[in-house]
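There are 2 protein chains.
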Amino acid sequence: MSANVQNSIMLFGDSLTQGGWEPGMNGFGANLAHRYARKLDVINRGFSGYNTEWGIPVFEQFFATREQQKDLQIVRLLIIWFGANDSCLVQSPQHVPLAKFATNLKYLVNLVQSPESQYYSPNTRIILATPPPVNTYQRKANLDARDPPLLDYAQTVKDIAQEEEVGIIDIWTKMWDAAGHDEQSLSDYLYDGLHLNGAGYQLMYDAVLETIEKTYPELHPDRLEMVFPGWGMIDPNNVVASVQKREQRLV
Amino acid sequence: MSANVQNSIMLFGDSLTQGGWEPGMNGFGANLAHRYARKLDVINRGFSGYNTEWGIPVFEQFFATREQQKDLQIVRLLIIWFGANDSCLVQSPQHVPLAKFATNLKYLVNLVQSPESQYYSPNTRIILATPPPVNTYQRKANLDARDPPLLDYAQTVKDIAQEEEVGIIDIWTKMWDAAGHDEQSLSDYLYDGLHLNGAGYQLMYDAVLETIEKTYPELHPDRLEMVFPGWGMIDPNNVVASVQKREQRLV
Numbered sequence: 001m002s003a004n005v006q007n008s009i010m011l012f013g014d015s016l017t018q019g020g021w022e023p024g025m026n027g028f029g030a031n032l033a034h035r036y037a038r039k040l041d042v043i044n045r046g047f048s049g050y051n052t053e054w055g056i057p058v059f060e061q062f063f064a065t066r067e068q069q070k071d072l073q074i075v076r077l078l079i080i081w082f083g084a085n086d087s088c089l090v091q092s093p094q095h096v097p098l099a100k101f102a103t104n105l106k107y108l109v110n111l112v113q114s115p116e117s118q119y120y121s122p123n124t125r126i127i128l129a130t131p132p133p134v135n136t137y138q139r140k141a142n143l144d145a146r147d148p149p150l151l152d153y154a155q156t157v158k159d160i161a162q163e164e165e166v167g168i169i170d171i172w173t174k175m176w177d178a179a180g181h182d183e184q185s186l187s188d189y190l191y192d193g194l195h196l197n198g199a200g201y202q203l204m205y206d207a208v209l210e211t212i213e214k215t216y217p218e219l220h221p222d223r224l225e226m227v228f229p230g231w232g233m234i235d236p237n238n239v240v241a242s243v244q245k246r247e248q249r250l251v
Numbered sequence: 001m002s003a004n005v006q007n008s009i010m011l012f013g014d015s016l017t018q019g020g021w022e023p024g025m026n027g028f029g030a031n032l033a034h035r036y037a038r039k040l041d042v043i044n045r046g047f048s049g050y051n052t053e054w055g056i057p058v059f060e061q062f063f064a065t066r067e068q069q070k071d072l073q074i075v076r077l078l079i080i081w082f083g084a085n086d087s088c089l090v091q092s093p094q095h096v097p098l099a100k101f102a103t104n105l106k107y108l109v110n111l112v113q114s115p116e117s118q119y120y121s122p123n124t125r126i127i128l129a130t131p132p133p134v135n136t137y138q139r140k141a142n143l144d145a146r147d148p149p150l151l152d153y154a155q156t157v158k159d160i161a162q163e164e165e166v167g168i169i170d171i172w173t174k175m176w177d178a179a180g181h182d183e184q185s186l187s188d189y190l191y192d193g194l195h196l197n198g199a200g201y202q203l204m205y206d207a208v209l210e211t212i213e214k215t216y217p218e219l220h221p222d223r224l225e226m227v228f229p230g231w232g233m234i235d236p237n238n239v240v241a242s243v244q245k246r247e248q249r250l251v
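Residue numbers (the UniProt record's numbering), protein chains in the order written: chain A, 1 to 251; chain B, 1 to 251.
Just so you know, the hints here were simulated from the structure itself, not pulled from any lab data.
It cannot be assumed that every hint is accurate.
To be verified - Here chain A is said to cover these stretches of chain B; the calculated rule only asks that three of the stretch's residues, wherever they fall, bring their Cβ under 8 angstroms from a Cβ of chain A:
#1 49-57
#2 66-78
#3 102-111
#4 180-191
#5 227-233
#6 239-246
Cβ atoms here follow ideal geometry from the backbone N, Cα and C, with glycine treated the same way.
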């Protein structure tokens, strides 16, 4: 990005990720970018309509190879959030069978974590996020297009996170609990039965920070110093020395 | 950023820039990031409280040198928005005299545009933004701290943009006109007399796109294709070939 500063958090997923900056939607991406301002850039790699099958060849183009990483800032955290499209009913071209969905997620994790991978990035921490529940009442016009519960896909994401020992954001359960286990009340969090509204993105934002705190506390914004100092720290008589970049410690 | 895709827009300035992602504030940075999603990343290089004098040595650390640029994505557009702190009254450590402010802005433009500069980036377009007007009624508690009209600083930014032949966002005039040339009505656009509220950031967002359209139309979001195709373009029988990255044309 023609900037040799600063490291980043990358949000990779489908429309739920891409929409995370949408004006007036309290998007979790824009809010994380604000929370991490001057600490880590937050990068939108959301691809509306994509499933894991299509996401993989795209990831292999935008994520830096080991060779490229030498000259680039580090993705300190990668949040992978798929499933909303993979779980479409079989007649949709977006559908990815559950077993293949699982294989794809594992493949993505290993692309980054396996020392044999050409995308191996040992300083990148990974968090998987489950798809949220779907409100079939809101989506009655589209009932045939998606498999309502999505629970199988959410459970699979949780299983893989455990197996691969990466972080997990279980937004399925967070939202289901918040809705009082009442499908119709999911409309408090989903504007069309599938996509998150402001309250839904608030749940997601809170869940992201909760998982970071629990799994990778060194990446919590409260524990990262700003790359460049606050203006009150600047010595007007010694400006250059007092605005030197800090090396954010890698743990 | 450990990603070899995609190019960016960099917003460089003080708290007016840093606050451009603040939740619930309709921030121009977050909204531009949404508008340019999958086309250009929008990078927050806002430094609350900074003036041009302190901004320069920071810029020289975060902006890539010619040598570094070879391995990095391109900053296609750099928006420089200073003046709100530079124009403080002389007793503030943030104050930068008008002539020095002018020199500093020219220095920044030349860092990027001069073939002799080690930061020379010929594919980076530049837009300067004026500081907005200040509402001295709202800021009566701080009346001594800032020079109210700011008009001198705004005019200087306009002069330099013309002289250096770069784009200009005259948010001073936009906001003054929107307030009906009535200082008290500036409270419709400034929440504390200095910092923009949602309506103020809407003016700024619209002004950014208007200037891009006028000065660098090839960078308008409507004229940039997505780096990776929309999902409807994907051939399920030929996925890898159909999700190839497009090279965004440089004009």
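Evaluation of the provided hints:
no.	hint	in the structure
1	49-57	holds (count 5)
2	66-78	holds (count 7)
3	102-111	violated (count 0)
4	180-191	violated (count 0)
5	227-233	holds (count 5)
6	239-246	holds (count 5)
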